[in-house]
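Full structure from sequences and hints, please.
Each protein sequence line maps, in turn, to chains W and G. Per UniProt numbering, residue 1 is the first one in the first sequence, and the count goes up by one each step. Per UniProt numbering, residue 1 is the first one in the second sequence, and the count goes up by one each step.
Note that these hints are calculated values from the structure, not bench results. Any given hint could turn out to be false.
Every beta carbon over 12 Å from chain G, so not counted as near; a handful from chain W, in silico [as the list claims (entries may be wrong)]:
| hint | residue |
| --- | --- |
| 1 | 47 |
| 2 | 60 |
| 3 | 63 |
| 4 | 84 |
| 5 | 159 |
| 6 | 168 |
| 7 | 253 |
| 8 | 260 |
Simulated coverage check for chain G against chain W, where a stretch passes if three residues somewhere in it have a Cβ under 8 Å from a Cβ of chain W [what the hints assert, rightly or not]:
| hint | stretch |
| --- | --- |
| 9 | 45-52 |
| 10 | 56-65 |
The calculated label-pair distances, taken between Cβ atoms and stated as ranges, are [unchecked claim]:
| hint | chain 1 | residue 1 | chain 2 | residue 2 | range |
| --- | --- | --- | --- | --- | --- |
| 11 | W | 99 | G | 38 | 38 to 48 Å |
| 12 | G | 154 | W | 275 | 33 to 43 Å |
| 13 | W | 51 | G | 38 | 30 to 40 Å |
| 14 | W | 100 | G | 200 | 27 to 37 Å |
From the three backbone atoms N, C-alpha and C, an ideal C-beta is built for every residue, glycine too.
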Amino acid sequence: MSGLRVLSAGPQVTVQDLGRPGWIAEGLSRGGAMDVDALHEGAALLRQDAGLAALEMAGTGGTFVAEGDLRIALTGAPMRARIDGAAVSWAASHDLPDGARLEIGPAEAGLYGYLHLGGGVDVAPVLGGRGAHLAAGLGAPLARGDVVPAGSEDGPTGLKLTPEARFSGGTIRVAPSLQTAFFPEETRTRFEQTAFAKDPRSNRHGARLAFEGEGFGVEGGLSVVSEVIVPGDIQITGDGVPYVLMAESQTTGGYPRIGTVIPPDLPRVAQAAPGVALSFRFVTLEEARTAVAAHRELLAGLRGRVAPLVRDPADIPDLLSYTLVGGVTAGDEL
Amino acid sequence: MTERFPRIDAVGTEGLLVRFADRLSEPANRAALAYRAAFAAEAPDGVSETATSLVSAYLRLSHDADPERVEAAARQLLETRDWTEAPLPAGRRHWRVPTLYGTDRAPQLAEAAEAAGLDAETAVAELSAARLRVTTIGFAPGQPYLGTLSEAWDIPRRSELAQVPAAALVVAVRQLVLFAVGSPTGWRHVGQTGLRLFRPEAETPFVLRPGDEVSFPAVDEARFAEVEAAEDGGADWEDIA
Numbered sequence: 001m002s003g004l005r006v007l008s009a010g011p012q013v014t015v016q017d018l019g020r021p022g023w024i025a026e027g028l029s030r031g032g033a034m035d036v037d038a039l040h041e042g043a044a045l046l047r048q049d050a051g052l053a054a055l056e057m058a059g060t061g062g063t064f065v066a067e068g069d070l071r072i073a074l075t076g077a078p079m080r081a082r083i084d085g086a087a088v089s090w091a092a093s094h095d096l097p098d099g100a101r102l103e104i105g106p107a108e109a110g111l112y113g114y115l116h117l118g119g120g121v122d123v124a125p126v127l128g129g130r131g132a133h134l135a136a137g138l139g140a141p142l143a144r145g146d147v148v149p150a151g152s153e154d155g156p157t158g159l160k161l162t163p164e165a166r167f168s169g170g171t172i173r174v175a176p177s178l179q180t181a182f183f184p185e186e187t188r189t190r191f192e193q194t195a196f197a198k199d200p201r202s203n204r205h206g207a208r209l210a211f212e213g214e215g216f217g218v219e220g221g222l223s224v225v226s227e228v229i230v231p232g233d234i235q236i237t238g239d240g241v242p243y244v245l246m247a248e249s250q251t252t253g254g255y256p257r258i259g260t261v262i263p264p265d266l267p268r269v270a271q272a273a274p275g276v277a278l279s280f281r282f283v284t285l286e287e288a289r290t291a292v293a294a295h296r297e298l299l300a301g302l303r304g305r306v307a308p309l310v311r312d313p314a315d316i317p318d319l320l321s322y323t324l325v326g327g328v329t330a331g332d333e334l
Numbered sequence: 001m002t003e004r005f006p007r008i009d010a011v012g013t014e015g016l017l018v019r020f021a022d023r024l025s026e027p028a029n030r031a032a033l034a035y036r037a038a039f040a041a042e043a044p045d046g047v048s049e050t051a052t053s054l055v056s057a058y059l060r061l062s063h064d065a066d067p068e069r070v071e072a073a074a075r076q077l078l079e080t081r082d083w084t085e086a087p088l089p090a091g092r093r094h095w096r097v098p099t100l101y102g103t104d105r106a107p108q109l110a111e112a113a114e115a116a117g118l119d120a121e122t123a124v125a126e127l128s129a130a131r132l133r134v135t136t137i138g139f140a141p142g143q144p145y146l147g148t149l150s151e152a153w154d155i156p157r158r159s160e161l162a163q164v165p166a167a168a169l170v171v172a173v174r175q176l177v178l179f180a181v182g183s184p185t186g187w188r189h190v191g192q193t194g195l196r197l198f199r200p201e202a203e204t205p206f207v208l209r210p211g212d213e214v215s216f217p218a219v220d221e222a223r224f225a226e227v228e229a230a231e232d233g234g235a236d237w238e239d240i241a
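Given below as structure tokens:
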């Protein structure tokens, strides 16, 4: 079986897919990739299903060697990547022949990069998913010596796309949720006007928000009844600090939530590196649902936006054998 | 803010919540469990997953769902009966879980007892004698919320989070929670057990079920050292007739 041998790995390289739906009643949150859009982009670049598992690389990647001929795609936070020493494009798919060495360095923007394999990462599913759910104790980060098995498959490489901008924070849309009305209007307005930054104490469970000034606590907030949590919920802990719950959130919780980040904007929260500026703007539930539908269409249309990767002539050793000029015209029809 | 119950509200863009109360009560908990079971049995279009919290049932919408139609179906089922009169789920069990209270293994016993207005000895006697019901499984995989303790234990969560290990017994707002995995929490860590609640490799990955009853008899440090390494941390169970 073909696969990818790990020579070295960053501190948190994990297998991730679209998560494990269906276990909320048992207390197990869905988990899955922090940047779900990246899974769809990888699937478009390799012309395969978005439900296949990939490697999620937090902050930095690692060094890998192909065992067997592989196809790969690189998506999410752009990182420096080389195949046998030659730089290769991000947001693109490439061949990784048997024995080729793949090096992936730190993120240049954003936080989570993704390494997709043709046929997907073929580890055995547990409770309906292949990904690591670190908070639940399922799976673990990759380490030196691990071999990541690739599914059997056949398909194209040499494709690229321009990803949706989501690697440098910005304004995040928030829908009202169960306890929004619990917060006085003054607090909600101040929340919208506050310049937040992603706190370094953030992970797959949640994103803590750093800010200056008064907190966002609410009277009686420490005694509310525990209720269901969905990824994106912004809980206010007892010290008044907002915390956006992410892929590995708990399934229920008692801290009041001021609102919920709409699903299309969650990758932007995930991809904000420590210190990157974030702000929040309330939208109505109707506006949120419209945005969700538009985003779903955008993901469905990704395959149509994939284009051939044009190589840099300097990287092509046998340049003279190529037909460089053909079909010369006056250019009127362009 | 005065709200009438039961009520149905949106949970962000992806779900609906049918709530039977805004505070924990035994009838509202039974209502939530029974309503969710009935809804799941009917399996109307547009819902991909259901779950309960303490006093509510959550309906997660599928991608192609019409939220208004799902809400209408949920309301129709809601109006078929008084759900607070529904019986508890069948197949319930009583678990006894040996527990080491206090010591450096459960360092917030003294603080919790003080918040409840009790001395530590009385606090341990009360917690040790209480037979509580699993009101919901949530927060972490297989993790039970257990209610309801006496009024004295209506103590708030701490404002600062502290890390507790797996199988920690913690208290707040008249409830106990037994942690399935290590986690930060604002609940106070009063006891330590050896019961492993989440076993992803097992045929039954989740040990406890809503409706089960659990008691936490106190054991001393020597006895705890014996049971902690044993299967199920020395816990045993029997069917509730």
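A quick look at each hint next to the structure:
no. : hint                         : verdict
1   : 47                           : holds, 22 Å
2   : 60                           : holds, 26 Å
3   : 63                           : holds, 30 Å
4   : 84                           : holds, 39 Å
5   : 159                          : holds, 26 Å
6   : 168                          : holds, 25 Å
7   : 253                          : violated, 7 Å
8   : 260                          : violated, 4 Å
9   : 45-52                        : holds (count 5)
10  : 56-65                        : holds (count 4)
11  : 99(W) to 38(G): 38 to 48 Å   : violated, 59 Å
12  : 154(G) to 275(W): 33 to 43 Å : holds, 41 Å
13  : 51(W) to 38(G): 30 to 40 Å   : holds, 31 Å
14  : 100(W) to 200(G): 27 to 37 Å : holds, 35 Å
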